[in-house]
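Chemist: Listed here are the chains, written in short residue letters.
2 protein chains.
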Amino acid sequence: MKIHDLIAELREPSKTKIVMLVADGIGGMPLEPGGKTELETARTPNLDKLAAEGVTGMSLPVLPGITPGSGPGHLALFGYDPLEYRIGRGILEALGINFAVTSRDVAVRGNFCTLGIDGKIADRRAGRPSTERCVAMVDKLRGIRLPGVEIFVEPVKEHRFVVVFRADAIGDRVNDTDPQMVGVVPLLAEGADEPSKKTADIVNRFVTAACEVLSADAPTNGITLRGFAKYPKIGTMEEVYGLKAAAIAVYPMYRGLARLVGMNVLDAGQTLGDQIARLQSVWGQYDFFFLHYKYTDSTGEDGNFPAKVEMIEKLDKIIPEIVALGPDVLIVTGDHSTPSKMMAHSFHPVPTILHSKLARTDAVTTYGEASCLFGGLGHFQAQHLMLLAMAHAARLGKYGA
Amino acid sequence: MKIHDLIAELREPSKTKIVMLVADGIGGMPLEPGGKTELETARTPNLDKLAAEGVTGMSLPVLPGITPGSGPGHLALFGYDPLEYRIGRGILEALGINFAVTSRDVAVRGNFCTLGIDGKIADRRAGRPSTERCVAMVDKLRGIRLPGVEIFVEPVKEHRFVVVFRADAIGDRVNDTDPQMVGVVPLLAEGADEPSKKTADIVNRFVTAACEVLSADAPTNGITLRGFAKYPKIGTMEEVYGLKAAAIAVYPMYRGLARLVGMNVLDAGQTLGDQIARLQSVWGQYDFFFLHYKYTDSTGEDGNFPAKVEMIEKLDKIIPEIVALGPDVLIVTGDHSTPSKMMAHSFHPVPTILHSKLARTDAVTTYGEASCLFGGLGHFQAQHLMLLAMAHAARLGKYGA
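Chains A and E, in that order, give the protein sequences. First residue of the first sequence? That's 1 in our numbering, and the numbers climb one at a time after it. First residue of the second sequence? That's 1 in our numbering, and the numbers climb one at a time after it.
Check each hint, because a few of them may be wrong.
The list cannot tell twin chains apart, which means a pair is met if one copy fits it or any two copies do.
[Stated by the list, open to error] Here are the simulated lysine-lysine pairs, PhoX-like style, with alpha carbons at most 25 Å apart: (1) Lys15 / Lys398; (2) Lys233 / Lys120; (3) Lys157 / Lys15; (4) Lys233 / Lys398; (5) Lys17 / Lys341; (6) Lys15 / Lys357; (7) Lys197 / Lys317; (8) Lys140 / Lys157; (9) Lys244 / Lys398; (10) Lys140 / Lys49; (11) Lys341 / Lys398; (12) Lys233 / Lys2; (13) Lys341 / Lys15; (14) Lys294 / Lys398; (15) Lys36 / Lys49; (16) Lys2 / Lys157; (17) Lys317 / Lys157; (18) Lys157 / Lys398; (19) Lys197 / Lys2; (20) Lys140 / Lys294; (21) Lys341 / Lys49; (22) Lys197 / Lys357; (23) Lys244 / Lys341; (24) Lys36 / Lys357.
Because the hints were derived from the structure by calculation, they are not lab data.
Could you build all of it, start to finish, from the sequences and the hints given here?
Modeler: Here is the structure:
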């Protein structure tokens, strides 16, 4: 039996409220064996209080040893099996620039490249043009019109852009046109099934038109496309859990991921203070609140241990304002670890707090990687966290008589 | 590969003996955060000794956050995936009154209701009649005869009874006739497939006859039926594990669940002392013994913390008598938690002891929710406990060369 079917069977209406605070990449590592992690170094009296009053554990985002991107990391936290629900690169890129993808769309990541007079690729990234030039080139591509399809072209950064093809019955089983090497011509698109053949035909005509439009613009005189993807079929949080869900996230990627599972994506301003103000102002209107905090991840990716410590302490300070609202369940976790030492996402489990009146408390009194190992939730799969949230919010009935 | 197929491949004959003592709802919660649970409050020198000599851990009955009923809770302990093997309400009700269901039966829960002169339901529970009246009304229903089907009607309590239809090739995909509201007439039964259409036809004729028989008996002048269910196809403990299994349980529901998986259900008397005497008297005849103790659950459901503590202490006293028999594996666990504080089954993991010469002992020296968190079995799925039992009883060979 699938978990979502089980939830559909057991869920019960309730007025309880759940807050899931995702500190992106919160898990870390000591710089030296035996040392403290970023989280253990940070002074976090408020998070420690939550850990002491609640139940803790270690979240495994996907599987032991698997390092997740932001997509699978968040899908798992929202209770969607990250190995079942996959989000293609094109869709993730579109979500990342806040493009409102529809079910009729095929999205793809584009790169400007440099083509020689023989049509072969001389530079796969067109000499890394400025983002201004990217915007200007995208503007030219926007002039391309093809019958039977709406085409949206959006700049991302430097040589990167996104194309969205909108038409009925088009598929995403189309190969990348990027050969991932220089000295060869870009590949033709081919479709692996009928809807995808329709897409491939559109794509090839678009690429031909693009090369004409850009012919005088070397080094940005060609394009390659990769990661054709449709919007995945995915039940909304309301359909799966019966939760009216709101996302309070600053960065487009996380807003997009929240929109993907049907959350209402609210204006979150720019700062943690703005996010808390929004949470307070809409408290009565939703059952579930996803708060996303980016800076624990970005400082980790920068390899800046002290900055990550500082960002954790900054997060700690706003915890009392969330607690003051009286959520029935308050979860603090991350979508993955981002140890400063590794300057990247990692596969390490993520220390997690679940604060609730129904929590069976454990002996853990601080929020950290070493302490949460001894928590009452043990090691658990991130995709089960929503089951725990629903249970502790008294929103799941008994299974079987 | 399915676990039962794996076991069939690996199991080895042996004379070892396994005792599984299920203290129903043993897991609890502190009344106040930071306090002790019922189990931690109880003085349990014998259970603590078992914990010290054996290996401990936390059992997850179904999935994190899922609160099981007695059916799924026990099926999991017996090693049957509770999400795969589901027991319908009709069957559970029949098991609960000790009715010997066969594979030809469709069982259903019945309610006496009050019908107005317009045939509409005026009271779904017929004003909660006395159980004596229930018995008298059931006696009238027993007079109903229909061709091609044997019908058994059994009283349960107040307005509740059970009907079992026994015939060849009848199905259970039949809707409830209970509309779950007043002011409307009971629903007609309809079958979703051919065998179930046959059932529905029998059911509709039975209901018509019942209303005639009861027409002068307002307020118990009508019936509704819900939870049509057949006996699930399920391998016996002997087929799956090669274990000759005996159940020593006092309450009908648990006797019925044991019969469901092919255990021999023995006369267990009324008290724990009776159960131990039975265990001693049949010790040489079986490989596996399921002992069920109800009062840790019923006191929890009553919200009576001190009574649950007392029932745990009572259980502790008989442990030496089980140990004296020299079982190769002695497991103490529960089918779920029933915290007095919640007055209900809960989703919290269940502290578990596995006592065996082959146990790799851990540092745990007391039986409790906090201590067993540190046990050598970690957090494990209840449906894997029989694998552990078989392994520690040296009844499973090596997998692969």
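Chemist: Tell me, please, which holds for Lys197 and Lys2 at an alpha-carbon limit of 25 Å: within, between, both or neither?
Modeler: neither (33 Å within a copy, 28 Å between copies)
Chemist: Between the shortest in-copy and the shortest cross-copy C-alpha distance, which are at most 25 Å for Lys317 and Lys157: within, between, both, or neither?
Modeler: Cα proximity of Lys317 and Lys157: none, with 34 Å in one copy and 57 Å across.
Chemist: My question is about Lys294 and Lys398: at a cut-off of 25 Å on alpha-carbon distance, are they close within one copy, between copies, both, or neither?
Modeler: Close across copies (19 Å), not inside one copy (37 Å); limit 25 Å.
Chemist: How would you classify Lys157 and Lys15 at a CA-CA limit of 25 Å: within, between, both, or neither?
Modeler: neither (44 Å within a copy, 34 Å between copies)
Chemist: Treating 25 Å as the Cα threshold, decide for Lys157 and Lys398: within, between, both or neither.
Modeler: between (51 Å within a copy, 22 Å between copies)
Chemist: How would you label the pair Lys15, Lys357 (within, between, both, or neither) given a Cα cut-off of 25 Å?
Modeler: within (15 Å within a copy, 48 Å between copies)
Chemist: Checking an output row: Lys2 and Lys157, CA cutoff 25 Å. Within, between, both or neither?
Modeler: neither (40 Å within a copy, 35 Å between copies)
Chemist: Is it within, between, both, or neither for Lys197 and Lys317, if the alpha carbons may be no more than 25 Å apart?
Modeler: Answer is neither: 54 Å inside a copy and 64 Å across each miss the 25 Å cutoff.
Chemist: Can you give me the call for Lys36 and Lys49, within, between, both or neither, at a CA distance of at most 25 Å?
Modeler: both (19 Å within a copy, 19 Å between copies)
Chemist: Within a copy, between copies, both or neither: where do Lys15 and Lys398 come within 25 Å Cα-Cα?
Modeler: within (18 Å within a copy, 39 Å between copies)
Chemist: Up to 25 Å between alpha-carbons, please classify Lys233 paired with Lys2: within, between, both or neither.
Modeler: Both, since 16 Å and 20 Å are each at most 25 Å.
Chemist: Given a CA cutoff of 25 Å, do Lys233 and Lys120 count as a within-copy pair, a between-copy pair, both, or neither?
Modeler: neither (38 Å within a copy, 44 Å between copies)
Figure legend: structure checked against the earlier numbered hints; hints not met, in rising order: 2, 3, 7, 10, 16, 17, 19, 20, 22, 23.
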